[in-house]
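Novice: The primary structure of each chain is shown beneath.
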Amino acid sequence: AQSVAQPEDQVNVAEGNPLTVKCTYSVSGNPYLFWYVQYPNRGLQFLLKYITGDNLVKGSYGFEAEFNKSQTSFHLKKPSALVSDSALYFCAVRVNDMRFGAGTRLTVKP
Amino acid sequence: SAVISQKPSRDICQRGTSLTIQCQVDSQVTMMFWYRQQPGQSLTLIATANQGSEATYESGFVIDKFPISRPNLTFSTLTVSNMSPEDSSIYLCSVDRSGPWGYTFGSGTRLTVV
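Line by line, the protein sequences are chains F and W.
Letter by letter, the first sequence follows residues 119 to 228 in the numbering used here.
Letter by letter, the second sequence follows residues -4 to 109 in the numbering used here.
Watch out, some of these pointers could steer you wrong.
[To be verified] Partial selection, computed: residues in chain F whose CB lies under 7 Å from chain W:
#	residue
1	Tyr157
2	Pro158
3	Leu166
4	Val213
5	Phe218
6	Ala220
It should be emphasised that the hints constitute simulated quantities derived from the structure, not laboratory data.
C-beta atoms are modelled at their ideal positions from N, C-alpha and C, and glycine is treated no differently.
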């Protein structure tokens, strides 16, 4: 069975500081991992994905994520947070279909 | 990536009634997915809809409550039947056309049952 966990319900950072949103996964075989963002009253938007290759994946809006097989993690990072990054972030894993983590609400304060 | 039009964007419905949500994709896709996002929670897969066959429902979801149609490769509907306040959620359709292995989502239908 595939599953993904986001251990933090809420992450608060100050604008300009680096941010990390954590994700761990459990799958049989090679994982396909994703990050999505949901802004208020909007659908989900794709940020980035890991399929194979380089463990550091770069995505939209300056976000990146690092695949760590030994720790079964896929944490989302950004070197310098913006207030406009405040949103709900979902990690997802795909085998046959897409399964989502519980979501982490990121708040970036000015 | 595919463009998905989902409607209605929101609705307020009386308990006991039914609402049909429509999802139109700008290109042909084999699989379409329906998700539910309850308030403050993550997305839960309701069912997978393939054209020309019965939808496949996830545990906890049944066809009588959430009938799905998939008449062609660009369109699907999800009906929420005999609604109760517990059905108040955001319902999202998605397709597998975001590039390799990614999904594209509709903007969602925010349903409130009173």
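Novice: If you test the structure against every hint from before, which numbers come out violated?
Specialist: Numbers 1, 2, 3 and 4, in rising order.
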